[in-house]
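J.: Chains as they are written, first to last, in the UniProt record's numbering: chain D, 1 to 997; chain Y, 1 to 184; chain A, 1 to 97.
FYI, nobody ran anything at the bench for these hints, they're computed from the structure. Since the model is a prediction, treat every value here as computed from it, not as a measurement. Don't take every hint at face value.
[As the list claims (entries may be wrong)] Some chain A residues flagged as far from chain D (calculated, every beta-carbon gap over 10 Å):
| # | residue |
| --- | --- |
| 1 | G30 |
| 2 | L53 |
| 3 | V61 |
| 4 | A65 |
| 5 | V91 |
| 6 | A96 |
[To be verified] Cβ-Cβ distance ranges computed for the label pairs, FRET-style:
| # | chain 1 | residue 1 | chain 2 | residue 2 | range |
| --- | --- | --- | --- | --- | --- |
| 7 | D | G862 | Y | L131 | 44 to 52 Å |
| 8 | A | M1 | D | P972 | 45 to 53 Å |
| 9 | D | E779 | Y | R16 | 49 to 57 Å |
| 10 | D | E641 | Y | G51 | 36 to 44 Å |
| 11 | D | D877 | A | I46 | 24 to 32 Å |
| 12 | A | R47 | D | R585 | 30 to 38 Å |
| 13 | Y | G51 | D | E993 | 51 to 59 Å |
| 14 | D | A834 | Y | P30 | 39 to 47 Å |
| 15 | A | T74 | D | G862 | 29 to 37 Å |
| 16 | A | Q48 | Y | R16 | 46 to 54 Å |
| 17 | A | Q48 | D | P747 | 20 to 28 Å |
| 18 | A | R47 | D | K912 | 45 to 53 Å |
| 19 | Y | V136 | D | G862 | 42 to 50 Å |
| 20 | Y | P30 | D | P590 | 47 to 55 Å |
[Unchecked claim] Here are the simulated DSS-like cross-link-like pairs (lysine-lysine), alpha carbons at most 30 Å apart as the crow flies:
| # | chain 1 | residue 1 | chain 2 | residue 2 |
| --- | --- | --- | --- | --- |
| 21 | A | K88 | Y | K57 |
| 22 | Y | K48 | A | K84 |
| 23 | Y | K57 | A | K78 |
| 24 | D | K108 | D | K53 |
From the three backbone atoms N, C-alpha and C, an ideal C-beta is built for every residue, glycine too.
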Amino acid sequence: MTAPFRVAGKGRLTPAKVVRFTFDGEHYSGLEGDTLASALLANGVHLVGRSFKYHRPRGFLSAGAEEPNALVGIHRDAARKTPNVRATVQELHDGLAAVSQNRWPSLKHDVGAVNDLASPFFSAGFYYKTFMWPKAAWKHLYEPRIREAAGLGVAPDQPDPDHYAAHYGHCDVLVLGGGAAGLAAALAAAEAGARVILADEQAEPGGALRFESGAVIDGRNGWDWATATVARLRAMENVRVLTRTTAFGYYAQNFVGLTERVSDHLAAPLPDLPRERLWQVRAKRVVIASGAIERHMVFPDNDRPGVMLASAARTYLNHYGVAVGRQVGVYTANDSAYHAAIDLKKAGVDVVAIVDLRDNPQGPVVDEARALGIEINAGRAVVGVAGKLRVSAMTVQPKNGGASRSIAIDALLTSAGWTPSVHLFSQSRGKVAFDDETRRFLPGAYAQDCVSVGACNGTDDLEAALAEAAGAGHAAAKAAGAKAGRAGAKLKASGEGWSGGMLGAAPGAGADSKAKAFIDFQNDVTAKDIRQAVREGMRSIEHVKRFTTNGMATDQGKTSNMHGLAIAAETLGKPIPEVGLTTFRAPYTPVTFGAIVNHARGSLFDPTRRTPMHGWAERHGAVFEDVGQWKRAWYFPKAGEDMHAAVDRECVTVRQSAGIFDASTLGKIEVVGPDAAAFMELLYTNPWQKLEPGRCRYGIMLREDGFIYDDGVVGRLADDRFHVTTTTGGAARVMNHMEDYLQTEFPHLKVYLTSISEQWAVIAVQGPKSREIIAPLVEGIDLSDAAMPHMSVREGTICGVPTRLFRMSFTGERGFEINVPADYGQAVWEAVWAEGQKHGACAYGTEAMHVLRAEKGYIIVGQETDGTVTTNDAGLDWAVGKKKADFVGIRGMMRPDLVAPGRKQLVGLRTKNPKVVLEEGAQIVADPKQAVPMTMIGHVTSSYWSENCGHSIALALVEGGRDRMGDTLYVPMPDGTIEVEVSGTVFFDEKGERLNG
Amino acid sequence: MARSNEALRRPALEGRAASHAWVSVTPAAPASRLSLRTPADSVGAVSKALGFALPQKPKTSAQKNGRAALWLGPDEWLVIDESGSEISPALGKVKAFHSAVDVSHRNVGIVVSGPGAEATIAAGCPQDILLATFPVGACSRTVLGKIEIVLWRTGDTTFRVECWRSFSDYAFTFLSEAARDAAV
Amino acid sequence: MLLIRCPYCEEERPELEFRHAGEAHLVRPGNIAEMSDEDFEGFFFIRQNPKGLVYERWRHVHGCARFFNAVRDTVSDKFVTTYKAGEKKPVIKGAAE
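Build out the structure end to end from the sequences listed, making use of the hints.
T.: Next comes the structure, spelled out in structure tokens:
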């Protein structure tokens, strides 16, 4: 069945290719190649939505990306619900289901429409003025209510099941827009040998040639020329043509963001197809060919369904073969609407009258319209329309007043002129300039290596636009380094060039307070609102914009900005350039979050780093904690154990027998070269020159400001080779810090740094049985205390693979850290585990590791320190080489504030009630009875239950802490004050006898 | 020498593979690798020990008999040896100042191959890797999505991606997903 | 995303490969331990932060890993030049001394 408004013989769609779809549950049919808008219009449906603020019935204003009214929801399935889709760009596919938005209970009967009657209360600035008081009511009462009532579509409530792709593109010449100018530019650049990307937002490039029926290029119909040119470009190896692709943002140094809609137009996309693809293109040169957008006439009730842009009606007729009405009126202030009238008339549609605001319109199109018998009412205005859900008549009056008459119509086409699309140019930080003669903003001074051509540059004549574009394309290719050669011959062309028209409100949209003459349809802003904003003191267009919200909807004021500006200027009595133009910002049209996020979701949101032994820990029931990007085994609960029980058991087992711990995440750096020791002297506080090969030392690194930056055990493998360890979290920044000093401050030193963090898996075996556990596995290393004392490192083999074996301890027990090449980590771990089982050893996680080291008072950088802690504060002055002339931080640590008395010092805290475990971060006071706010003298940095000690333990930074030994201090908490006694930092084995135990 | 109780080597990407119509993503076989650092005045001596001249131009590589050296910085190369021979012994005798650190297990190699290889990489790598600017043999440390990689073009339609071991899951997953879209 | 010419890689590379590293041409004195409080304050804390042309350090951290220097206009966000660490500070018209 042919849809009632489809015109036989018109348009470029194939009548046989029928596509079925629904709108608000009603079944319709359209044709392949239709947009949702053209298919609905073919079925005579104009009413498609309700407006944002007043809930006024709305139809289609345009046939393109600038559409402010026809926003619908597209529901592919339960999880795929896309709100606020412009029906004018949504391509039809079989089974497409669209729903209208912002109405209840139905589109035709919408309760929210009372807002329209109450509109005197909803004028510009209404929200600002009405909901100012009381303050709390905004958050709890007004805002939630307003949000309920307003808003357009409904966000989907399920995770997005689609996937999105990304592509970094690089080219010599990027052409934005595939109209006549863009195609000519792309072709010229491509023929000159440049790598070209051409992007166009439509399914088929062609731009205005889509509707400009009279255009002739190179001896053929304009659209046919466009189609052939696209085919030619596609066939060239150095050209990539991107269709359904919108350039949404123009960033620094010709970096342009584009979204390609890959599968929204397909009924059943293949599973590997992304929904959209984000292109980030770096171009040597950019040619902007973004065209121009028609403006509507501003008159009362100009938002009624059936009132639309003249070029839109032409597009629907000439491309889609759809008549937008049977009795069509035209209201214009320039020539372009005459073309629409002529095309419709020739297609058999009754064009009842052209109302032209100009007193004496003249020219070939006027003559042609007249010759076709169309009534022309010059010097007249449309001062109102009848029909709420669909326009039914227009009221025509001489523009200076006088008798009016009503003319019955079912569609009204308007044109106030064309606005060059300078959005992308403006985003590139180019400055627009107002052209007084044509009353429009055009590209002025450029900030980047780009050029505007065609309609967006104010070049109205088709042949001139083609010549300009081809010249620009050729020049861009040449500038980008292409061989170029001579430019091709100029194309002969004839088309319809329009300039002129009007800005601002037409007569009839005047002072009458009831008249709603819309300028911004999406945000429901009227001419009156702009005037009111100026009356209320807004002087800058930026203020007018924010006060009225003109141009602030998702359409970014593509049709409204110039009208708003003109009305503001008129009301202010100033010329337009003095009032200024608001800044164009990205995105040009809305971009989905999916495209922006693209691959970075799920497991690709952020890298998850796992150690070589991760699989073993997983199989043995480890609970993991996130440490930066790392997954670390936190504790290994046995059946029936909670975290507390598991950690207690692990801590006790380590001290009774042994524990095995995955320390692979530690940062490791190999420092190699004849000046390695000299370099270490400069980067760490400790002395290194005399450290013998085979021995280790605990090193502290400061920043130049004198505060502790990192720490770790360093082993000297040879005179010229150190194996440095860093904290897990510090690995990357410590490497950067060391490289910085080596490259820029100490470049004379013969030393190189290599990150070996991931070369080595690290298995810590700690506890009295540790030596017995590893002994059967190790070859070539004497493990006796005499041959390998605490703080030594040896190279040999374990389980037949090379190892760097450290004798060191982070628990206070005899301990080893076995470094093996990462791929062997799990196998060696399993062997150690098997041996450990013979001695009752356990695997322990990071929580037990924290408790065990706190029992010994060992600090963790980042927990006991926070970037403001000195070696003295931490009780680590013993690690500072007193005789050293220089090291990073040597001067910083002498700063007056860092040596002043009363600094916070690291101490231990014992709660008077041994069962109470303090909260980390809790503040400490000397007198709990003092008035609030109390003087806080320190804070808890670490706190645990210690099963080994039988009481809780804590480390804290307390003002003058080392002079408070034995003092009672207080930790005020919401449910009571906790008494604590200041102690030393070592809670277990104070004499350190167990290191060799 | 291998012994019966020698620890089993478990490569990070053991058993993983992804194949699409236009591109395959495969873990590279384990290889010997050195992070080689040496100043300009030692390059000659080091090259001699290595068996071929270290490349000195940015973004270039050189290779011979299954051993390749990738220029990563003005005094830095990544040496990859897939021939099964050890690299360090030869370098051990070089007196001239240099640093050779074994990173065989630090890095994981992933081979991306097929007509869609370039598009697969371009999903996450911001560098211009078109053949004209990134020819066969070109190599560079760069970025893939949210991680650092070394990218090496070993053929018209083949790249080797090297990353650190714990990032290899991310790299492989990223490349596999990007490969779905590699028909661009 | 900016394009930054790395003086070591001898080509322009995407900003994602780089990391900013603060003001350039600050020299750590050899006798730093003997500096007065005032001199150390000037060396360590006080920065020029001018509007317009700045001399700054960058590291091609995900590239050749070299630190280098650049002159950039903070108003236009354009690089005037980049040069290797240790090279003489170029004289640029309009730059603060």
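J.: All the hints need checking, so say for each whether the structure fits it.
T.: We went through each hint and held it up to the structure:
no.: 1; hint: G30; result: violated, 8 Å
no.: 2; hint: L53; result: holds, 17 Å
no.: 3; hint: V61; result: violated, 7 Å
no.: 4; hint: A65; result: violated, 7 Å
no.: 5; hint: V91; result: holds, 21 Å
no.: 6; hint: A96; result: holds, 22 Å
no.: 7; hint: D:G862 to Y:L131: 44 to 52 Å; result: holds, 46 Å
no.: 8; hint: A:M1 to D:P972: 45 to 53 Å; result: holds, 50 Å
no.: 9; hint: D:E779 to Y:R16: 49 to 57 Å; result: violated, 33 Å
no.: 10; hint: D:E641 to Y:G51: 36 to 44 Å; result: violated, 57 Å
no.: 11; hint: D:D877 to A:I46: 24 to 32 Å; result: holds, 29 Å
no.: 12; hint: A:R47 to D:R585: 30 to 38 Å; result: holds, 31 Å
no.: 13; hint: Y:G51 to D:E993: 51 to 59 Å; result: holds, 55 Å
no.: 14; hint: D:A834 to Y:P30: 39 to 47 Å; result: violated, 25 Å
no.: 15; hint: A:T74 to D:G862: 29 to 37 Å; result: holds, 33 Å
no.: 16; hint: A:Q48 to Y:R16: 46 to 54 Å; result: holds, 52 Å
no.: 17; hint: A:Q48 to D:P747: 20 to 28 Å; result: holds, 24 Å
no.: 18; hint: A:R47 to D:K912: 45 to 53 Å; result: holds, 49 Å
no.: 19; hint: Y:V136 to D:G862: 42 to 50 Å; result: holds, 46 Å
no.: 20; hint: Y:P30 to D:P590: 47 to 55 Å; result: holds, 48 Å
no.: 21; hint: A:K88 to Y:K57; result: holds, 24 Å
no.: 22; hint: Y:K48 to A:K84; result: holds, 29 Å
no.: 23; hint: Y:K57 to A:K78; result: holds, 27 Å
no.: 24; hint: D:K108 to D:K53; result: holds, 16 Å
In the structure shown, a violation is registered for the earlier hints numbered 1, 3, 4, 9, 10, 14, in ascending order.
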